[in-house]
Amino acid sequence: MDMDTPRMGFFTDTSVCIGCKACEVACKEWNLVPEDGLNLTGMSYDNTVGLSADTWRHVAFIEQRKPVENPDALAMAAGGDLQWLMASDVCKHCTHAGCLDVCPTGSLFRTEFGTVVVQEDICNGCGYCVPACPYGVIDRREEDGRAWKCTLCYDRISGGQEPACAKACPTDSIQFGPLDELRERAALRVSELQGAGVTEARLYGEDPTDGVGGDGAFFLLLAEPEVYGLPPDPVVPTRDLGTMWRQVGLAALTAVAGVALAFGVGR
Amino acid sequence: MAECHPVGFQWVMEAKARGAKVIHVDPRFTRTSAMADLHVPLRAGTDIAFLGALVNHVLTEEKYFREYMVAYTNAAAIVGEDFVDTEDLDGVFSGLDPESRNYDVNTWQYEGTEVQAASGERDLEYEDKVSSAGRGEAHGSGGAAVDQPETDKTLQHPRCVFQILKRHFARYTPETVEQICGIPPDKFRQVAELLTANSGRDRTTAFVYSVGWTQHTVGVQYIRTASILQSLLGNMGRPGGGILALRGHASIQGSTDIPTLFNILPGYIPMPHAHGNEDLDKFIEAESVDKGFWAEMRSYLVSMLKSWWGPAARADNDFCFDYLPRLTGSHSTYETVMAQLAGDCKGYFVLGENPAVGSSNAKLQRLGMAELDWLVVRDFSLIESATWWKDGPEIDSGELRTEDIGTEVFFMPAAAHTEKDGSFTNTQRMLQWHHQAVEPPGDARSELWFTYHLGRIIREKLAGSTDEADRPILDLTWDYPCKGAIAEPDAEAVLAEINGFGPDGKPLSSYLELKDDGSTMCGCWIYCGVYADGENQAARRKPGAHQSWVAPEWGWAWPANRRILYNRASADPDGKPWSERKTLVWWDAEERKWKGHDVPDFVPDKAPDYQPPEGARGAEALSGTDAFVMQADGKAWLYAPAGLTDGPLPTHYEPQDSPFENLLYQQQRNPVRQVKPFKHPDNRMHPIGSDVFPYVATTYRLTEHHTAGGMSRWLPYLSELQPEMFCEVSPELAAERGLEHMGWATIVTARGAIEARVMVTERMTPLTVQGRQLHQVGLPYHWGPNGYSVGDAANELASISLDPNTHIQEVKALSCDVRPGRRPTGKARLELVREYQRRAGITEDTGMEP
Numbered sequence: 002m003d004m005d006t007p008r009m010g011f012f013t014d015t016s017v018c019i020g021c022k023a024c025e026v027a028c029k030e031w032n033l034v035p036e037d038g039l040n041l042t043g044m045s046y047d048n049t050v051g052l053s054a055d056t057w058r059h060v061a062f063i064e065q066r067k068p069v070e071n072p073d074a075l076a077m078a079a080g081g082d083l084q085w086l087m088a089s090d091v092c093k094h095c096t097h098a099g100c101l102d103v104c105p106t107g108s109l110f111r112t113e114f115g116t117v118v119v120q121e122d123i124c125n126g127c128g129y130c131v132p133a134c135p136y137g138v139i140d141r142r143e144e145d146g147r148a149w150k151c152t153l154c155y156d157r158i159s160g161g162q163e164p165a166c167a168k169a170c171p172t173d174s175i176q177f178g179p180l181d182e183l184r185e186r187a188a189l190r191v192s193e194l195q196g197a198g199v200t201e202a203r204l205y206g207e208d209p210t211d212g213v214g215g216d217g218a219f220f221l222l223l224a225e226p227e228v229y230g231l232p233p234d235p236v237v238p239t240r241d242l243g244t245m246w247r248q249v250g251l252a253a254l255t256a257v258a259g260v261a262l263a264f265g266v267g268r
Numbered sequence: 003m004a005e006c007h008p009v010g011f012q013w014v015m016e017a018k019a020r021g022a023k024v025i026h027v028d029p030r031f032t033r034t035s036a037m038a039d040l041h042v043p044l045r046a047g048t049d050i051a052f053l054g055a056l057v058n059h060v061l062t063e064e065k066y067f068r069e070y071m072v073a074y075t076n077a078a079a080i081v082g083e084d085f086v087d088t089e090d091l092d093g094v095f096s097g098l099d100p101e102s103r104n105y106d107v108n109t110w111q112y113e114g115t116e117v118q119a120a121s122g123e124r125d126l127e128y129e130d131k132v133s134s135a136g137r138g139e140a141h142g143s144g145g146a147a148v149d150q151p152e153t154d155k156t157l158q159h160p161r162c163v164f165q166i167l168k169r170h171f172a173r174y175t176p177e178t179v180e181q182i183c184g185i186p187p188d189k190f191r192q193v194a195e196l197l198t199a200n201s202g203r204d205r206t207t208a209f210v211y212s213v214g215w216t217q218h219t220v221g222v223q224y225i226r227t228a229s230i231l232q233s234l235l236g237n238m239g240r241p242g243g244g245i246l247a248l249r250g251h252a253s254i255q256g257s258t259d260i261p262t263l264f265n266i267l268p269g270y271i272p273m274p275h276a277h278g279n280e281d282l283d284k285f286i287e288a289e290s291v292d293k294g295f296w297a298e299m300r301s302y303l304v305s306m307l308k309s310w311w312g313p314a315a316r317a318d319n320d321f322c323f324d325y326l327p328r329l330t331g332s333h334s335t336y337e338t339v340m341a342q343l344a345g346d347c348k349g350y351f352v353l354g355e356n357p358a359v360g361s362s363n364a365k366l367q368r369l370g371m372a373e374l375d376w377l378v379v380r381d382f383s384l385i386e387s388a389t390w391w392k393d394g395p396e397i398d399s400g401e402l403r404t405e406d407i408g409t410e411v412f413f414m415p416a417a418a419h420t421e422k423d424g425s426f427t428n429t430q431r432m433l434q435w436h437h438q439a440v441e442p443p444g445d446a447r448s449e450l451w452f453t454y455h456l457g458r459i460i461r462e463k464l465a466g467s468t469d470e471a472d473r474p475i476l477d478l479t480w481d482y483p484c485k486g487a488i489a490e491p492d493a494e495a496v497l498a499e500i501n502g503f504g505p506d507g508k509p510l511s512s513y514l515e516l517k518d519d520g521s522t523m524c525g526c527w528i529y530c531g532v533y534a535d536g537e538n539q540a541a542r543r544k545p546g547a548h549q550s551w552v553a554p555e556w557g558w559a560w561p562a563n564r565r566i567l568y569n570r571a572s573a574d575p576d577g578k579p580w581s582e583r584k585t586l587v588w589w590d591a592e593e594r595k596w597k598g599h600d601v602p603d604f605v606p607d608k609a610p611d612y613q614p615p616e617g618a619r620g621a622e623a624l625s626g627t628d629a630f631v632m633q634a635d636g637k638a639w640l641y642a643p644a645g646l647t648d649g650p651l652p653t654h655y656e657p658q659d660s661p662f663e664n665l666l667y668q669q670q671r672n673p674v675r676q677v678k679p680f681k682h683p684d685n686r687m688h689p690i691g692s693d694v695f696p697y698v699a700t701t702y703r704l705t706e707h708h709t710a711g712g713m714s715r716w717l718p719y720l721s722e723l724q725p726e727m728f729c730e731v732s733p734e735l736a737a738e739r740g741l742e743h744m745g746w747a748t749i750v751t752a753r754g755a756i757e758a759r760v761m762v763t764e765r766m767t768p769l770t771v772q773g774r775q776l777h778q779v780g781l782p783y784h785w786g787p788n789g790y791s792v793g794d795a796a797n798e799l800a801s802i803s804l805d806p807n808t809h810i811q812e813v814k815a816l817s818c819d820v821r822p823g824r825r826p827t828g829k830a831r832l833e834l835v836r837e838y839q840r841r842a843g844i845t846e847d848t849g850m851e852p
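Protein chains in written order, with my numbering: chain A, 2 to 268; chain B, 3 to 852.
Chain A extracted, bound-state conformation:
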């Protein structure tokens, strides 16, 4: 990695997301991502359902009754305890990216910005990356079999522009910048919200010691990650690859030894 270029990423502050889906549309417009089907799902205003080969930004809508812990007068009055959570999900651009680890063609690579990008002209559609993503982000497009996902607008950021989704976001729910700065900003925002009595506010994916070594795209959530359909404790499947291979090797040795023994005994 070029040491002069800081690692760039997204901080998605869902506490100010108004669910306008401008990020979804801007992403598709810029990256020429095809339409993903007309399905009225009944999942609140979420008709995109999740990230896929043809959806690189996805806004989740969760209608739920808030557990009444802090019967603050205002919150009580605001439609009882009804809350409507909105959150724009995206590829996490993991520090330890499973997709990248397993890609046999080198189509997936880490850019000078520390982001993870699929090169569409190299991808052979083997699909190994799909189960390797602990978030279920990367996906194969049915029409061509190749794998597609958010590039963090590699072309735009290479030209000094922010990604399309961040540019389109009217409330700065999606913030783009050097990851270090974003983490500082996020920590400040969480303590601000906590101080204002929003005790549910928490960060997701910002911790470099987590199962993926921290996300290049992390979030401020207002509920448990599961509420948004995010895994609570994601682990890159290739983390244990070394140990696994050691185990496999050991097992193989044992087997060989066993066979030899058997044959030896037989003799």
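Read the hints as simulated data drawn from the structure, not as lab findings.
Some hints here could point you the wrong way.
[Claimed, not checked] Negatives, chain A to chain B, calculated, CB over 10 Å:
id : residue
1  : P7
2  : Q84
3  : T112
4  : P171
5  : D173
6  : E201
7  : L251
8  : F264
[Claimed, not checked] Now the stretches of chain B that chain A is said to cover, found in silico as 3 or more residues with beta-carbon under 8 Å:
id : region
9  : 7-17
10 : 722-733
11 : 760-773
[What the hints assert, rightly or not] Taking beta-carbon pairs under 10 Å as the criterion, some of the chain A residues facing chain B (in silico):
id : residue
12 : V26
13 : N48
14 : L83
15 : W85
16 : M87
17 : R157
18 : S159
The beta carbon of each residue, even a glycine, is placed where N, CA and C say it ideally should be.
With chain A's structure known, arrange chain B on it following the hints.
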């Protein structure tokens, strides 16, 4: 606001980040409610009862900003003895003629004066004004002077506005709010406390509304109630205050400033009426005022006439005043439909509009268009208004047969805003220029191109005509430079013409330079200055961080690049800011000049203690504390002695179609709402409180689509986000009617039946109104049968019943029924509606009473 104006909502989020409390009053829990500190669900169509109770709270708890109120509003003005309030006439004001369904507004005047409304529907008083102007001439030129109203600054006089207000709103209590709106008293008090605690010297509150307030038979009075509240609380003309109208499209504000409306000319000059013998002098006499900046209407109008007709407009021909079209009555879009049905209106231009889906009672719109000789539709795609003759619902039902329709339909593809230059004027009256990014594809052309070249061709065809009727067309200045392969007229040349030119041919820089002698030309007086120094001021894009917090160099705001109107009111009567925190403009006693962060909205050197000399007129007649400089008396009106057709004070009336009786008065509905001219077999109304139509429907937009769908339903990226028509209902209503989440429902009114997928959501809250549970049904109105994403149009259900001031339809509150399953098709769909009409006992007279 988050739903329909997400880009503007960023500023609400910013205010919130700085500690602002956000209250959202809406029948539904929307994306705005999700961001609000307090959501107040109420029964659709009852906002005057709610706001009126807030007025009452402010008055009885003495929460008003007394010094502001006494100095800047008409609280102290004394109203004439003849005025009788709704409180004494059970819901109507004095002067009602139930036959003609009009108010004679003479009894609403201040004592001993005649006050001319500052703008709007002045023409209604036309005949009276002409005759009184005639009497005035008998006393000498200039007509009868408008005196200052008599006042009582102690506010004790029983007929002073303040006391009238107190009596009028006395019956608007938290208890009536609970009964009428379904808002519990606790919640009402919370709103009252937040609002009053955040208003005063040091703090201001802003109101933001949209068509949720306007689209009612008494819509203008909703906004009037907010105006009263804001004036009492001292929230007008001050930073962070005001009442902001969010407009439904990017430049709807622009389309009233440079109007697409039938009843006003550019800059809110009234359109003349078709009365005999009317000339420029009589028009000015009847329409302008003697005090304030409207006194200069003659300069504005003459400059406009010079701009339109150039050298042909001369002093000896009244500057071609006779060339202007004349009104013969209301010519709103709905009267036009009736004229089509009657065979009087033969041709119709539909530009960037989709009435077959987007207008109230969409069926009547289509039936009207079927009676035309020709129809021109300009849009991006083949919208429903362009294809109803071959695949509309009436073809399906057999009511229309394609081969019987004589309308010749022309479809002209339109260019998008990215494909042309032009300006957007936003709610803050700020113009922002947009530059063309790409050429329009194929035959698509801009409106400017279409209008200019159509005019050019018509003028070529008429060239040499000796018919006097052709002179207004032939004498027009119609000479815009064109550019490029498609001969696109230069939009900046149009902007320069709107801005206007002085006698030296140079661009004007302010409307104060306009003259009534024909030496200046200006297309729209309030826009004068947008092209000052020959520069497109609307194209300025200096970032906010590089200038003062008022950001005067981003775009250009009318008038005079002033960002907050009436900002003299941000200082106290002596000219000192009310508080450090809310400083905007102030009087500099040493320099004897108004100074400010914003452009002061006052004569620059008029001292706070200035008193006009006897017989002064125009701006000179405004005293040093007359902050509301466009008003005939310089005051914010708590009570409107003129200018409104349906009363000087807001009064709660039930919607045209309501499941409830009016709890406050015998008078059920706005007595002068426009409904009788729309009596038609396909525009039947509901009986009051009918249990056949027990629910209340309200229509709205979703973030993902745009109005009647022409700009969104054909786009895959938007269609996939909201792929089809749905209705939103509460779990309780779903249980009551057997509706299944994502199943189908049929919604029925006396006008039509539509189907929609069912969205059962707790965001819809049943309310307790007049002791019973009321369910409301949410209906997005984007869909129609054409396009990539399709569905039934909610406007099939709505009636034509209008606000009498604005001729706007009531689509935000209408009673209806909901039943499970899909609607029938063909003739059976009609039959279903007729069966409902029979069951409810509906006749042609139902709901037609005043």
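Let me make sure I understand: some of the numbered hints might not hold for this structure. Which ones are they, in numerical order?
2, 4, 5, 17, 18
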